[in-house]
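Enquirer: Sequence order for the protein chains is Z and L.
Its first residue numbered 1, the first sequence is counted upward by one per residue in the numbering used here.
Its first residue numbered 1, the second sequence is counted upward by one per residue in the numbering used here.
Heads up, a few of these hints could be off.
What the hints assert, rightly or not - Below, a sample of chain L positions facing chain Z; criterion: calculated Cβ distance under 10 Å:
(1) ASP53
(2) SER163
(3) ILE167
(4) HIS171
(5) LYS200
(6) ASN201
(7) LEU233
(8) GLY235
Keep in mind that the hints were calculated from the coordinates and are not lab data.
Every residue gets a Cβ at the ideal spot worked out from N, C-alpha and C, and that includes glycine.
2 protein chains.
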Amino acid sequence: MAVKEVPSYRRLYEKLRKLMEDGTYKRGDLLPSENELCAAHHLTRPTVRKALDMLVNDGFILRHQGLGSIVQGQPKGIGILSLSGTTSAIGQDILTTRIIVKPNIISWEQAFGFEINENEKSMGCIYMERLRLINDRPVFYDITMIPNLNLPRFTSRTFENRSLFEILRKHYQLEVKGGEQKIQAITADERIQKHFEVRKNHPILRIDRKMETNRMGFSFFSQIYCNTSDYSLIGRF
Amino acid sequence: MAVKEVPSYRRLYEKLRKLMEDGTYKRGDLLPSENELCAAHHLTRPTVRKALDMLVNDGFILRHQGLGSIVQGQPKGIGILSLSGTTSAIGQDILTTRIIVKPNIISWEQAFGFEINENEKSMGCIYMERLRLINDRPVFYDITMIPNLNLPRFTSRTFENRSLFEILRKHYQLEVKGGEQKIQAITADERIQKHFEVRKNHPILRIDRKMETNRMGFSFFSQIYCNTSDYSLIGRF
DNA sequence: CTACCTTACTTGTATATACAAGTACAAATA
DNA sequence: TATTTGTACTTGTATATACAAGTAAGGTAG
């Protein structure tokens, strides 16, 4: 299979993003001006601006006419939900993943309230459950359902340390571009009580998500339960 | 004060957006092609593409090379949170607002965990509490805190039926461009129990938000409590 | 009838260019 | 000294153009 060439505006986006994530550019810093970026990367202004526009959309920078591109702190998360501790900041904390139900193929029963089409229904569904822990305390419990359309060897892959998004992107050229979500506060039922080791009536955040990808008509679904008593979900909008 | 001219890509964006919102273009329809839009509005492709890019970012359309721009259903909400009933769809339902604490000027005590700078602190804070009801049942309870920087006559305005965002935009040229948020599931304390008429231990969604505006360095803060037992928060990401 | 190819149309990427408008700072002015 | 002006630099808007690449549909050869 031919490797799709990465467009140059995307390369610049990734480059600048990495520099901000690794702390080379800190919050409040100014990025090099558009003209400087043009010269440094042998690109023209529209191309550079496209990369910067993407960084604005993702919340990495703010731009001001006459001033420049101002580096922001936390970016807005696409897909991956960021966490912030009520006391400590995450980062030093140890994040682990425990597979509750290994990926296996079942038939579609539901998709958390989202519609699925006939094609997806006939192909079956890859089902998995994971528990994510911070410092050995469970914080996320999620159920993921993926239509079984041409994803060879998927069920035998390991999902321990690598993110699902990364595997889909690297091995199947599937990128999550956005989606739909429903958010609710609920009280823990028996199953959730067991997973999170909490008492009855403990408040839990529940998010149902439909993830849309770059492959036309290919979506997958996930239901996330989150114990927010020690960590809040944070993000930009 | 001179009225700022609206750029043409934004005019086109608003126009297309309106056509989708009022149902002229329905879910699954194709928008006119870029070249057709160019001809119809006397613009060039880069300008038209900018408007379409914005519609993609807001979740109104998906685009596919070789095919066209496909109209989507619900858009993603900036600032205003959309609701979806578990049984009925919202729309026929009656939405009302009840002012619990009228806008008044107090001193800053907190900003829901977000930082405020010295300038904002010295100017005082406009404080208000509102309750929003659907079919006479309370669903949202929110506290808003706005730095009192040059907002003449703000405390005497009415917030009954008009949205805060609309008033800020129309009268003070303040547009919310994005922000930061923290989401948690909590159980109702006494005050919330009273407002929502729910029992002890009822799960409530709590969102703390910092809203950033087009005026540099001007942000305001809001804390939203939401009873999600009948309505989920929905949105695109 | 089926499989392949061509063609016309679509969006994607990229360059080159021009002027408008906002910001910061230094120089000139009152 | 305090204020205004000018200037250089920044991002914002817009046009014109070219070619690449994906999609759908119709024609053609087998």
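Enquirer: Identify every previously stated hint that the structure contradicts and give their numbers, smallest first.
Expert: 2, 3, 4
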